[in-house]
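Listed here are the chains, written in short residue letters.
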Amino acid sequence: MALLEVAELTKDFGGLRAVSKLSFVVEPGEILGLIGPNGAGKTTVFNLITGFHRATGGRVILDGASVLGLKPHAVTRRGIARTFQFVKPFPKLSVRENVTLAAFMRLPARRNAEAEAERLLARVGLAAKLDGPASDLTLAEQKRLEMARALATRPRLLLLDEPMGGLNPREVDEASRLVREIRDGGVTVVLVEHVMKAIMRISDRVVVIHHGEKIGDGPPDRIARDPGVVAAYLGRRES
Amino acid sequence: MTRAAAALAVLVLLALPWLVPNQFFLHLCVTVLMWTLLGAAWNLLGGFAGQVSFGHAAFFGVGAYITMLLYLQLGVAPWYGMLVGGLGGALVSLPIGLICFRLRGPYFSLSTLAVAEIVRLIVLNWEQVTNGPVGLLITTLPRVGVGPRAVDWESKTPFFYIVAVLALAAMLATYGLSRSRLGAYLLAIREDEDAAEAVGIDTVRTKVLTLALSSFFTGLAGGFYGLYFRYVDPDAVFPITLSVEMVFIAVVGGLATVVGPVIGAIFLVTTAELFRERFQAGHLIFYGLFMMVAIRYLPEGIWGGARRLISHGPARSR
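These protein sequence lines map, in sequence, to chains A and B.
Those letters in the first sequence? Residues 0 to 238, by numbering that gives the first Met the number 0.
Those letters in the second sequence? Residues 0 to 317, by numbering that gives the first Met the number 0.
Do not rely on the hints blindly, as some may be mistaken.
Dumping the calculated SDA-like pairs for lysine to any residue here, alpha-carbon to alpha-carbon at most 20 Å [to be verified]:
#  : chain 1 : residue 1 : chain 2 : residue 2
1  : A       : K70       : B       : A305
2  : A       : K91       : B       : L308
3  : A       : K91       : B       : L102
4  : A       : K91       : B       : R180
5  : A       : K91       : B       : I294
6  : A       : K87       : B       : I98
7  : A       : K70       : B       : S179
8  : A       : K70       : B       : R307
9  : A       : K87       : A       : A108
10 : A       : K87       : B       : V203
11 : A       : K91       : B       : L90
12 : A       : K91       : B       : Y296
13 : A       : K91       : B       : L297
14 : A       : K91       : B       : L97
15 : A       : K91       : B       : D193
16 : A       : K91       : B       : L181
17 : A       : K87       : B       : D201
18 : A       : K70       : B       : D201
19 : A       : K91       : B       : R307
20 : A       : K91       : B       : R295
21 : A       : K91       : B       : G49
22 : A       : K70       : B       : R178
23 : A       : K91       : B       : A305
24 : A       : K70       : B       : I98
25 : A       : K87       : A       : S134
26 : A       : K87       : B       : R178
27 : A       : K87       : B       : L97
28 : A       : K196      : A       : G184
29 : A       : K70       : B       : I294
30 : A       : K91       : B       : P238
31 : A       : K70       : B       : Y296
32 : A       : K70       : B       : L102
Ranges between beta-carbon positions, derived for each pair [as the list claims (entries may be wrong)]:
#  : chain 1 : residue 1 : chain 2 : residue 2 : range
33 : A       : R110      : B       : V11       : 12 to 22 Å
34 : B       : G104      : A       : D220      : 17 to 27 Å
35 : B       : R307      : A       : A114      : 25 to 35 Å
36 : B       : V292      : A       : K91       : 34 to 44 Å
37 : B       : V292      : A       : E26       : 53 to 63 Å
To give an idea of the chain B side of the interface with chain A (calculated C-beta under 10 Å), a few residues [unchecked claim]:
#  : residue
38 : R119
39 : R148
40 : V150
The set of hints was computed from the structure by calculation and includes no laboratory data.
Cβ atoms here follow ideal geometry from the backbone N, Cα and C, with glycine treated the same way.
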């Protein structure tokens, strides 16, 4: 059975249909890439799944139970964690405290939550930065901090919103490796990304959205050759 | 602050009526402690969670009226009435919180201002119960004492001890909160509400509960006000200036700190006393000016800034 099933998901902002009858599934253990041109509705899909936006219609089912209409914190409790396209650390709090706060949900005792935070921060390569405020980190480090923070809620499904956006090539490689490690650790990953080379390399499967509708769904090499997808990105040739 | 210093400060405080047996000085101390209690109460929500309420006068007034009415109508002694007043303030805060916390940032602040005005108008116009604009008056307080030694309610000393205990309780609650999971959640909400939700924090519930705790202490202070001045009317216990002065104390003293409200309260009472003799509302101008200076140059307040100087490093979140 699919881990996450999105069916007929629709979102209107006033008269604008941002997401239109979008359906896709996420299989357990895979890395699913969600791509599409600017303004295609990728982040909106994340916001709908995680409860930050209220859907106009459709279904979102995690492991057999609907999560649509739940508040974001309740969605997190059900096992879906996310990061943000524009990073949202707790800027004045220490790096350790940022992740400890998230670990509290599963580990109420501070000692245990802090130990979990330190373990996860070591895993994302921030072991040397524990005591500084999160605002002192570079963008790449803040994105890794958000991944550690999301993992601290012990999700089954992790939604990463542009984990490589704005990073240099070396940082992109590191982030790619980290995403694979997270998946190998047993967490299913869906990521929205603009960095095509990276997403084509690490995704097991890719879903393409254009104007809020799905126009492609399949393995990366096939999607890259799909004429409809190429047209969405480059525009159709006048003939 | 170390435990020893805190214990010494508490001892000196409790010895004050004996060290300085001057009724006017004690009156100033009572006022400072009442404002400390209020500043600490506001700080629980405003300092930790960054939710700026301009409507705490509502909970103060509700606490004051409940305490007075319980005594005048049912003969419940005001020191028990105060506790009920605090609980009443907390109870009133629940629907207010559930409504106002649908809004964020400045919109939340404005809604609290409006709600406080609504509560004031209800009390002003509900004359059968509240006596309307005439207010409520206590002529004599019940006799308390063992044998022939009764508490002298004409002296300031018993009031000093009552309000000292209340203020210390509020400061203790602040300390407890700063070390608890709830306190950590509030800081997360202050920093970023979306991110707080994303890590599984029920932000609305957390804010509503904290508002209730904050309102409890504010209601207690209202009850004490009734007990101390023995007279309340809507203008005295529901003014906007009261809400604003609570904000002032917390901001100037130091947000989310235990000692900040004491500093803020001393500052507020001193300037009020200095200016009141010359012109009636002059102290308000001065508060406004000083608040601007504090926000610009001392965003952590006097205590927060002093603590940073002492520790020579970034202040810890607690």
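A quick look at each hint next to the structure:
| no. | hint | in the structure |
| --- | --- | --- |
| 1 | A:K70 / B:A305 | violated, 41 Å |
| 2 | A:K91 / B:L308 | holds, 18 Å |
| 3 | A:K91 / B:L102 | violated, 23 Å |
| 4 | A:K91 / B:R180 | holds, 17 Å |
| 5 | A:K91 / B:I294 | holds, 17 Å |
| 6 | A:K87 / B:I98 | violated, 26 Å |
| 7 | A:K70 / B:S179 | violated, 24 Å |
| 8 | A:K70 / B:R307 | violated, 38 Å |
| 9 | A:K87 / A:A108 | violated, 25 Å |
| 10 | A:K87 / B:V203 | holds, 19 Å |
| 11 | A:K91 / B:L90 | violated, 33 Å |
| 12 | A:K91 / B:Y296 | holds, 18 Å |
| 13 | A:K91 / B:L297 | holds, 16 Å |
| 14 | A:K91 / B:L97 | violated, 28 Å |
| 15 | A:K91 / B:D193 | holds, 16 Å |
| 16 | A:K91 / B:L181 | holds, 17 Å |
| 17 | A:K87 / B:D201 | holds, 17 Å |
| 18 | A:K70 / B:D201 | holds, 8 Å |
| 19 | A:K91 / B:R307 | holds, 15 Å |
| 20 | A:K91 / B:R295 | holds, 18 Å |
| 21 | A:K91 / B:G49 | holds, 13 Å |
| 22 | A:K70 / B:R178 | violated, 27 Å |
| 23 | A:K91 / B:A305 | holds, 19 Å |
| 24 | A:K70 / B:I98 | holds, 17 Å |
| 25 | A:K87 / A:S134 | holds, 10 Å |
| 26 | A:K87 / B:R178 | violated, 24 Å |
| 27 | A:K87 / B:L97 | violated, 25 Å |
| 28 | A:K196 / A:G184 | violated, 23 Å |
| 29 | A:K70 / B:I294 | violated, 34 Å |
| 30 | A:K91 / B:P238 | violated, 34 Å |
| 31 | A:K70 / B:Y296 | violated, 39 Å |
| 32 | A:K70 / B:L102 | holds, 15 Å |
| 33 | A:R110 / B:V11: 12 to 22 Å | violated, 35 Å |
| 34 | B:G104 / A:D220: 17 to 27 Å | violated, 47 Å |
| 35 | B:R307 / A:A114: 25 to 35 Å | holds, 29 Å |
| 36 | B:V292 / A:K91: 34 to 44 Å | violated, 22 Å |
| 37 | B:V292 / A:E26: 53 to 63 Å | holds, 60 Å |
| 38 | R119 | violated, 33 Å |
| 39 | R148 | violated, 48 Å |
| 40 | V150 | violated, 44 Å |
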